[in-house]
Amino acid sequence: MLRRRPSLLIRPELDDHALHTTLAELRPAQQLHGLGAGRSRPVWEPAARLLRATGRDWDRRTHRVRVLARAAPAAVFEGWAAARPDDGDALVLRAFVLSARAAADGRSAARTAEQACLRAATACPEDPAPWLALLDLMHAYAVPVRDAVPVWTEAVGRAPWHRAAYHRLLRYLSPRGHGAVADMMDFAGQSATRAPLGSPLALLPVAARVELVAHRRSQNSLTALGADGHWNEPRAAEEIDAALNGWFRTAAAPHAEAVTDLNMLAFALARTHRPADAAPVFRRIGRHMTRHPWDLLPEPQRTFLYWRDRPDRRAP
0 MLRRRPSLLI
10 RPELDDHALH
20 TTLAELRPAQ
30 QLHGLGAGRS
40 RPVWEPAARL
50 LRATGRDWDR
60 RTHRVRVLAR
70 AAPAAVFEGW
80 AAARPDDGDA
90 LVLRAFVLSA
100 RAAADGRSAA
110 RTAEQACLRA
120 ATACPEDPAP
130 WLALLDLMHA
140 YAVPVRDAVP
150 VWTEAVGRAP
160 WHRAAYHRLL
170 RYLSPRGHGA
180 VADMMDFAGQ
190 SATRAPLGSP
200 LALLPVAARV
210 ELVAHRRSQN
220 SLTALGADGH
230 WNEPRAAEEI
240 DAALNGWFRT
250 AAAPHAEAVT
260 DLNMLAFALA
270 RTHRPADAAP
280 VFRRIGRHMT
290 RHPWDLLPEP
300 QRTFLYWRDR
310 PDRRAP
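Numbering that gives the first Met the number 0 applies: residue 0 is where the sequence shown begins, and numbers increase by one.
Any given hint might turn out to be false.
Okay, the calculated beta carbon distance ranges per label pair [as the list claims (entries may be wrong)]:
id : residue 1 : residue 2 : range
1  : Pro27     : Arg248    : 19 to 27 Å
2  : Asp185    : Arg290    : 38 to 46 Å
3  : Arg40     : Leu304    : 17 to 25 Å
4  : Leu296    : Ala82     : 41 to 49 Å
5  : Ala103    : Arg248    : 38 to 46 Å
Simulated from the structure, these hints should not be mistaken for laboratory data. Glycine is no exception: its CB is placed at the ideal position from the N, C-alpha and C atoms.
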């Protein structure tokens with residue numbers, strides 16, 4: 000009898016099971032049928048409980064707030080803000096929600112979002128997340144890099160080597176953002192070199208190379224045709240080796256977006272045709288595929304499964 004291969008898990012919460020459970024509790028259908036029926040619990044209570052339990056783990060807190068802001072029903076943030084207007088967690092979530100919406104809602108919405116970010120920063124002075132929400136808002140409105148860097152500095156001043164903060168600025172410096180290739184690659188290289196052993200920032204140059212390839216692919220057809228040639232450069236192999244030895248092969252504790260970094264590393268190993276090195280990375284990924292960077296390929300899921308399950312893989 001044929002055995003069905005388990006389906007892939009492609010979801011914004013990645014492998015955060017507590018966040019996944021919270022999102023399920025927040026769905027309107029769950030509130031109306033069973034989980035919320037007949038109870039006096041407010042609709043936002045699961046989110047409040049989750050962020051309260053997250054505490055000062057700034058890395059995981061930023062990830063959870065960002066996903067909640069994008070995936071939770073509007074009633075969650077609106078009801079929470081109305082019921083607890085001075086709650087720090089509610090204010091941080093509101094800052095992320097308004098920052099994400101502002102670009103589509105016009106200049107007045109941008110001013111409201113900016114005020115929400117600054118109010119959240121005042122309510123939670125040790126938390127880097129409000130500054131990252133403000134950085135997202137500035138990115139959406141194409142604020143020059145020179146004006147965005149001080150906001151980024153506020154975030155990393157509160158949480159040195161904060162993964163999300165470095166990836167936000169990398170996106171800002173990208174030619175697909177508001178920067179240039181040279182600035183992006185230089186920032187990634189210097190940050191990875193300075194980061195402590197075991198930091199996921201060891202992968203930042205690989206992420207920058209993926210961004211470079213994505214940028215080239217978005218250009219004219221001739222430039223796009225040669226985009227994958229960036230993987231053949233000697234520097235690409237050095238960056239991948241540094242990520243393997245500086246992060247993947249260390250005893251570093253898992254971080255909130257480790258699944259994202261593992262997919263980035265696996266993608267780079269696939270593009271540079273290194274199945275032996277890719278094997279343990281794919282084993283750690285398991286079913287947790289991310290859309291990016293596999294979406295740079297014509298058949299993302301098929302390519303992912305081919306590399307994950309290919310019979311000639313051998314662990315080093």
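Right, here's what the structure says about each hint:
{"no.": "1", "hint": "Pro27 with Arg248: 19 to 27 Å", "result": "violated (44 Å)"}
{"no.": "2", "hint": "Asp185 with Arg290: 38 to 46 Å", "result": "violated (28 Å)"}
{"no.": "3", "hint": "Arg40 with Leu304: 17 to 25 Å", "result": "violated (41 Å)"}
{"no.": "4", "hint": "Leu296 with Ala82: 41 to 49 Å", "result": "holds (46 Å)"}
{"no.": "5", "hint": "Ala103 with Arg248: 38 to 46 Å", "result": "holds (43 Å)"}
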